[in-house]
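Asker: From first to last, the protein sequence lines stand for chains H and U. Going by our numbering, the first residue of the first sequence is number 1, and it counts up by one from there. Going by our numbering, the first residue of the second sequence is number 1001, and it counts up by one from there.
What the hints contain is simulated information worked out from the structure, not anything from laboratory work. Some hints here could point you the wrong way.
Said to hold, decoys possible - Chain U is nowhere near these chain H residues, computed Cβ spacing over 12 Å in every case:
#1 9
#2 10
#3 86
#4 146
As the list claims (entries may be wrong) - Computed from the model, here is a short list of chain U residues facing chain H with C-beta under 7 Å:
#5 1108
#6 1111
#7 1114
#8 1115
#9 1118
#10 1119
#11 1129
#12 1148
#13 1168
Claimed, not checked - Have a look at the derived ranges for each label pair, beta carbon to beta carbon:
#14 6/H <-> 1006/U: 24 to 32 Å
#15 1064/U <-> 18/H: 29 to 37 Å
#16 143/H <-> 1297/U: 19 to 27 Å
#17 18/H <-> 1317/U: 51 to 59 Å
#18 18/H <-> 1035/U: 47 to 55 Å
#19 1261/U <-> 63/H: 40 to 48 Å
#20 1298/U <-> 95/H: 44 to 52 Å
#21 143/H <-> 1180/U: 34 to 42 Å
#22 1063/U <-> 95/H: 51 to 59 Å
#23 1321/U <-> 122/H: 47 to 55 Å
Backbone N, C-alpha and C define an ideal beta-carbon position, used for all residues, glycine too.
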Amino acid sequence: MELTFFIAAAVAVLATIMVVTQYNLIHALLYLVVSFLAISVVFFTLGAPFMAALEIIIYAGAIVVLIIFVIMMLNLTQEDIQHEKEWLKPRIWIGPAVLSMILLVELVYIVTADTPDTYRSTPVEAQAVGMSLFGPYVLGVQLSGMLLMAGIVGAYHLGRQKKKVIHRFLERTDA
Amino acid sequence: MEESTSHYLLIIGGVLFALLNVAAGLIWVERRMLALWQDRYGPNRAGPFGLFIVLADTLKLFFKEDWIPPLADKVVFVIAPAIVLVTVLLGFVVVPFAPGIVVADLNIGILFFLAMSSMGAYSIILGGWASNNKYSLLGAMRGAAQMISYEVFMGLAMMGVVLLTGTFNLSTIVEAQRDLWFFIPQILGFVIFFIAGVAETHRLPFDIPESESELVAGFHSEYSGMKFGMFFIGEYLGITLISCMVVTLYFGGWLGPGFLPPLFWFAIKVFAFISLFILLRASLPRPRYDQLMEYGWKILLPLSLVNLLVTAAIVLMQNES
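Full structure from sequences and hints, please.
Answerer: Written as structure tokens, this is what we have:
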């Protein structure tokens, strides 16, 4: 189990790096899907099968599909890839790289200092997740529900169309 | 340990062998049955009952020129048909064919199935996008929207069964149907799940991503040879998977009178639903794209929510008394 965890974690890190460094947007999103799948395996090995399944269904299966959906309509060409190459100069890598190096050092310190028992936990069943979501954390569930409702109302408002006249001869110009 | 490993390998090999043969055999079954319902003979020349059409079709697919359009995104173009086959085959991992004959009896079986069917959407989207063709792109966009929307109702319809049994484990769900098959208390859930299943496998009447009369085969216009063959086989495997899930969730899985072994009961029920899929194709016209979306979001979504609400209320009342 430990070995699977480390392999999946390494895949996740590599895939996420590829997401940032790819010039072709669709390829970058494909690496994002791989990264989500790897993270789902990490969840599974850590004893959270419910979260692992939700990670795939929601993130890899719905959200990234929607992003790809939008990018497909943009009709990206070789020119756009060239633009992307010009924008991503090595110079702008330095800042984020230094900051994430600090995080990496911290992470290595935590992993080596702590007892290795941290990643050997008991599996959490779906029922337990539901009990805690609708028990102590019910406020969070309700708040996210409200947020989603606001999103739906907003999407409806943006997508609403004026009533279309079927035929142009029936169209009234004075109204 | 040694024995259980070989046991598992046997199950995996057996399931894979059976599934791939069923998918190939369905080529013949579908043509013969369509012919039956349309008052003609169908393929009946090569071999007994025309069975060798399967062989001829497979050989044709293998030896056809495998052409990649020069303007296509080559890597994605090659990966896309593999995704559909891999995800559908992975979906079969959680299906309990008979007591003890299941590849992985996961506690999150239903969720795993949903995850795999949502990953299957990528094959259409990527295949259509990578082809670099207007019709393929249109097909891919339709496919993406259709599969994402119908996945929602599919999941919600299944939750009725989950409420009644209190588990995501498919073997437990089958065991819970010993007294009463769930299609009686969950008739609405069953109908919604089946409709969503037809949309999810993009079969007629919901084959809007490929609709050959308007989009020239849609997302797989540019595919030929075995790459097209993988979409083709993936579709038949998808039909089989949805039929398996319907049988497992609503029609008592392997349960049945004792004079036949459980595996036979499962196979008979699954075959009945595969025939229903083919009958649908033979008899129903294709709706317009906006009609499909409206039907989904304005009728199926409220109905599946009502189904969930009523089921939850009844379960609560039974627990109280």
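Asker: Looking at the structure, which of the earlier hints fail to hold?
Answerer: Checked against the structure, the only hint that fails is number 23, while the rest are satisfied.
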